[in-house]
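Peer 1: Sequence:
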Amino acid sequence: MSKYEIRTQKKKDAIIKASLELFRTKGYTNTSINEIAACAEVSAVSIYNYFQNKENLVKECASALLGEVQEMVSSLLYEEMSFKDRLLRAVTLCAEKPHELLAENFSQEALEDKVFVELLGREMSKIRLDVISVFIESGKSEGVINPSIATDTILHFLLAASQVQAAWKTQEEYKANSRELYHLILYGMIGQ
1 MSKYEIRTQK KKDAIIKASL ELFRTKGYTN TSINEIAACA EVSAVSIYNY FQNKENLVKE
61 CASALLGEVQ EMVSSLLYEE MSFKDRLLRA VTLCAEKPHE LLAENFSQEA LEDKVFVELL
121 GREMSKIRLD VISVFIESGK SEGVINPSIA TDTILHFLLA ASQVQAAWKT QEEYKANSRE
181 LYHLILYGMI GQ
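In this note's numbering, the protein residues as written are 1 to 192.
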């Protein structure tokens with residue numbers, strides 16, 4: 001990497017870090033590009049040059065938050081266990097971790113910002129689906145998942161299941177219902 005590329009990456013990292021901090025405390029709507037620039041010690045022009053707008057910053061923040069989850073799930077592909085167990089762990093991580101990250105990293109005020117939560121949630125869903133699609137393809141190549149079912153169809157089914165989970169209001173409700181939902185995902189209503 002050249003000195004210019006290193007300097008550019010440092011600026012981008014500072015902008016993402018500042019964005020996360022301000023979104024965490026103030027929410028998306030109440031945070032301006034100028035505030036992010038001041039916190040990151042860069043010009044607002046730099047933010048627009050690198051990210052174009054505040055919405056793209058939310059996407060980068062989601063990627064930064066979910067990076068660890070992506071690594072955890074990707075490492076499951078190579079674990080010595082049945083595909084079913086690996087898939088269950090991956091789906092569980094992708095379902096639970098983002099909610100934990102939101103609760104751990106953002107204030108109540110930020111989580112009440114509907115625009116922010118929608119943007120962040122949409123981006124997190126895209127990242128989760130990308131991660132899970134790798135598992136689906138792996139399952140097809142291992143002969144565990146029916147290759148005649150399109151990956152997109154399976155992803156839509158899993159997305160619908162995640163919307164069911166999102167409707168659960170409490171952690172207790174989640175714990176009580178998630179095992180049955182995962183059983184339905186793996187075996188259907190008539191399955192094993």
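Read the hints as simulated data drawn from the structure, not as lab findings.
Hints are not guaranteed to be accurate.
[To be verified] Computed list of lysine-lysine pairs in DSBU-like fashion (alpha-carbon distance at most 35 Å, straight line): (1) Lys140 <-> Lys17; (2) Lys54 <-> Lys3; (3) Lys175 <-> Lys59.
Peer 1: State for each hint whether it applies.
Peer 2: Right, here's what the structure says about each hint:
1. Lys140 <-> Lys17: violated (38 Å)
2. Lys54 <-> Lys3: It holds: about 27 Å lies between the C-alpha atoms, which stays within 35 Å.
3. Lys175 <-> Lys59: holds (29 Å)
In this structure, the one hint that does not hold is number 1.
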